[in-house]
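Undergrad: Residues per chain, in single letters:
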Amino acid sequence: MIIRGNEPDQIRLIKRLYKPGNYFMQGNEAVAYGALFAGCRFYAGYPITPSSEIAETMARELPKLGGYYLQMEDEIGSIAAMVGASWTGFKVMTATAGPGFSLMQENLGYAVMTETPLVLVDVQRSGPSTGQATKGAQGDFFQARWGTHGDHPIVAVSPTSGQDAFWETIRAFNIAEKLRTPVVVLFDGVLAHTREQIKIPDVSEVEITYRKLPENEEEAKLPFGDPHGDGVPPMPLFGHGYFTHVTGSTHKENGLRDVYTPEVHDRLVRRIHRKIEKNREVYEKYEEHFTDDAEILVVSWGVTARPALGAVLRAREEGIKAGLFVPKTVHPFPGERMRELAKKSRAILVAEMNLGQMIIEVERYVNDDVLLKGVNKIGGVPLTVEEILREIRGVA
Amino acid sequence: MAKKIYSTYPMVKYLRKEALPTALCPGCGGGTVLNAFANAIDGLKIDPKDLVVVSGIGCSAWIASPYFLADTLHTTHGRAIAFATGVKVGLPDKKVVVISGDGDLASIGGNHLLHAARRNIDITVILVNNFIYGMTGGQVAPTTPFGAKTTTSPYRNIEHPLQISETVAAAGASYVARWTTAHVYQLIESIKKALQVKGFSLVEVISQCPVQYGRRNRMKEPAEMLRWFLKNSVPVSRARNMSPEELEGKFVIGEIVNRERPEFTTELNKLIDEVQEHFGLKEE
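Protein sequences, first through last, are from chains Z and V. Quick note on the numbering used here: the first sequence kicks off at 1 and runs consecutively. Quick note on the numbering used here: the second sequence kicks off at 1 and runs consecutively.
By construction, these hints were calculated from the structure, which means they are not laboratory data. Please read these numbers as outputs of a predicted model, since none were measured by experiment. Just so you know, not all the hints are guaranteed correct.
[Unchecked claim] In silico lysine-lysine, DSSO-like type, Cα no more than 30 Å apart, as pairs:
#1 K270/V to K282/V
#2 K49/V to K198/V
#3 K199/Z to K15/Z
#4 K343/Z to K278/Z
#5 K270/V to K19/Z
#6 K377/Z to K285/Z
#7 K278/Z to K221/Z
#8 K178/Z to K49/V
#9 K199/Z to K282/V
#10 K19/Z to K178/Z
#11 K198/V to K252/Z
#12 K198/V to K212/Z
#13 K193/V to K220/V
#14 K344/Z to K278/Z
#15 K193/V to K149/V
#16 K45/V to K221/Z
#17 K45/V to K149/V
#18 K212/Z to K49/V
#19 K193/V to K15/Z
#20 K282/V to K19/Z
#21 K64/Z to K198/V
#22 K13/V to K221/Z
#23 K64/Z to K282/V
#24 K285/Z to K373/Z
#25 K149/V to K49/V
#26 K270/V to K64/Z
#27 K193/V to K282/V
#28 K64/Z to K199/Z
#29 K198/V to K282/V
#30 K252/Z to K49/V
#31 K252/Z to K17/V
#32 K212/Z to K285/Z
#33 K15/Z to K270/V
#34 K270/V to K221/Z
#35 K321/Z to K252/Z
#36 K221/Z to K17/V
#37 K192/V to K17/V
[To be verified] Just so you have them, the derived chain Z footprint on chain V, three or more residues with Cβ under 8 Å:
#38 12-23
#39 40-46
#40 65-71
All residues carry an ideal CB built from backbone N, CA and C; glycine is no exception.
Starting from the given sequences, assemble the full structure and let the hints guide the process.
TA: Printed below as a string of structure tokens:
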């Protein structure tokens, strides 16, 4: 069995096609190149603004690498095809935005339940509904977390620049493969369409991981077992004669459906949670600036983390002890670190392009004696350094 | 009793014994479809290792998944063909078969059905049409005959049924055939043909649901439903000379379409070859 894209030939092709160096490109293109470097060789998608350049880049580049681009009839079909392809041994990705992400939720839940590695890029746009289709936003924080039904864990990462998008996409693939789980990349319309200098590394500088495959027949017969005790079952791929049964219904370790025994459901769903909880080191990531002595802590994510850093730097120039905390993996939230930082802070400002979403998560880790305030803006225009700085001054 | 069947039924080698007995009601046509499919696989000597069976949600989705001993993917409602599309692209040399019901594939999944036919991807779909949503309790379906009674059309159905085979043929499938569970041998032959066709193939099987459909439409016994099928079946050759009025309430059976068209995964791989050739990326 082999994960497609893992052939030695692929490294040669990547080296040949993408010379290391600085390029001027869109955030969306950076996501696509990140996926190609990570070994993604199957993309199924449906066009939607502001994510379409990801599909366009994949459609252009994938065939060169022997990979497959499929334009499906809708978003539901796109994620469905990805799941099918993942079980044949592909690293798979799709990209979408607002309404498309909503449509994908049911099958995202299917991927969680069947432990199918895939990467879903949500280029967040303004909403609800069609909203401002061409504008950026950060309103899908909780859709990523709770969009599908039932008790489920989810891993979501969020890049803060085009350059970051390249690396975070690779990291999303690595998390998906290591934990055999879908990973959401919460990107946004602003960075997606911003052109900036992006450094493409040599492929040998990129850490690429692959899912665990069964070591023997016995392991292959338990596609949803836990032979290694880390909660992550080896994945017996289709087409290798294992007669694997995969279902979104509650299933036993051997894959067969059992929706009547409470213990079977309990065991399965708790293990799926446990594999995410216990493997925090695989995905936990955050960035900190001036947090050592910060009295005023700005918490921000995604696109807003950039003006937030600008505001913190300016505040420091003015002698205000401000710091910045940026969760890069936003789900599961880096709660422990947040709690530590909150203890040291007098005031916490949560800056985001929505009416207050991550702030709800932050609040869980903040004591009552800390002033907690959201810095929010909607309308499709990102927060500026000035706007965030004004709020910092306000609580200084 | 069950043990005896397992030891004497020759197709048992194709079944996942630990999943038996099936969840199908007594008298259900699903067993006939499973039997026909197993016979077709046996007849063509297809190794189940070279087979991936995908299904959606509902009674008919259970026919081959989990019961058929192959790689089986039991998916979300309506999406089986889209899942199968990903599987086929990943495993173009394997037989990818979708077995599911009319509600699943032609109603909620209608879009995927049409576009898979248009793409002409080499997937075989066995669509079991029992005119009703069986598993959810017998609600009206897009295939329910005009005037029939169901739990959500308790007075009568005022919508016209979708002609699935004709629609899929029009969408561009390579092979389309329709039979009923009263035409088992023809059905087996059609499934065999569908499996051998390089392109999208659909075998629609009109099947009895005495419990949810028959009971409410004066056909409580499975045999009554089979007699209904036989009495109202019209071969496709004869149907061509009949008016729409004459065909009202009839089941047109036989091969609707059998033609060659470029197949999707072949074209996709051809395209990749061309692109790699063009950019000089082929292994020297």
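Undergrad: Measure nothing beyond the straight line between the CA atoms of K64/Z and K199/Z; if it is 30 Å or shorter, mark the hint as holding.
TA: holds, 21 Å
Undergrad: Within 30 Å, alpha carbon to alpha carbon, are K198/V and K212/Z?
TA: violated, 34 Å
Undergrad: Keeping to a limit of 30 Å between CA atoms, is the pair of K13/V and K221/Z held or broken?
TA: Holds. K13/V to K221/Z sits at ~18 Å (cutoff 30 Å).
Undergrad: Under a C-beta cut-off of less than 8 Å, do 3 or more residues of the segment 40-46 of chain V approach chain Z closely enough to confirm the stated coverage?
TA: Check failed, 0 qualifying residues.
Undergrad: Below or equal to 30 Å on CA atoms is what counts here, so check K212/Z against K49/V.
TA: holds, 22 Å
Undergrad: Given the hinted pair K193/V and K220/V, is their Cα-Cα distance within 30 Å?
TA: violated, 33 Å
Undergrad: Take the C-alpha atoms of K270/V and K221/Z, compute the straight-line distance between them, and say whether it is at most 30 Å.
TA: Judged against 30 Å, a Cα distance of about 36 Å means the pair is violated.
Undergrad: Tell me if the straight-line CA distance from K282/V to K19/Z falls inside 30 Å.
TA: holds, 18 Å
Undergrad: Would you check the hint for K193/V and K149/V, treating anything up to 30 Å between C-alpha atoms as holding?
TA: Roughly 35 Å between the alpha carbons, so the hint for K193/V and K149/V is violated.
Undergrad: Holds or violated: are the alpha carbons of K64/Z and K198/V at most 30 Å from each other?
TA: Satisfied, since the Cα-Cα distance of roughly 26 Å is no more than 30 Å.
Undergrad: Against the 30 Å threshold, does the CA-CA distance of K149/V and K49/V hold or violate the hint?
TA: Violated, at roughly 43 Å.
Undergrad: Measure nothing beyond the straight line between the CA atoms of K199/Z and K282/V; if it is 30 Å or shorter, mark the hint as holding.
TA: holds, 27 Å
Of the hints listed earlier, those the structure fails to meet are numbers 11, 12, 13, 15, 17, 19, 25, 27, 34, 35 and 39, in rising order.
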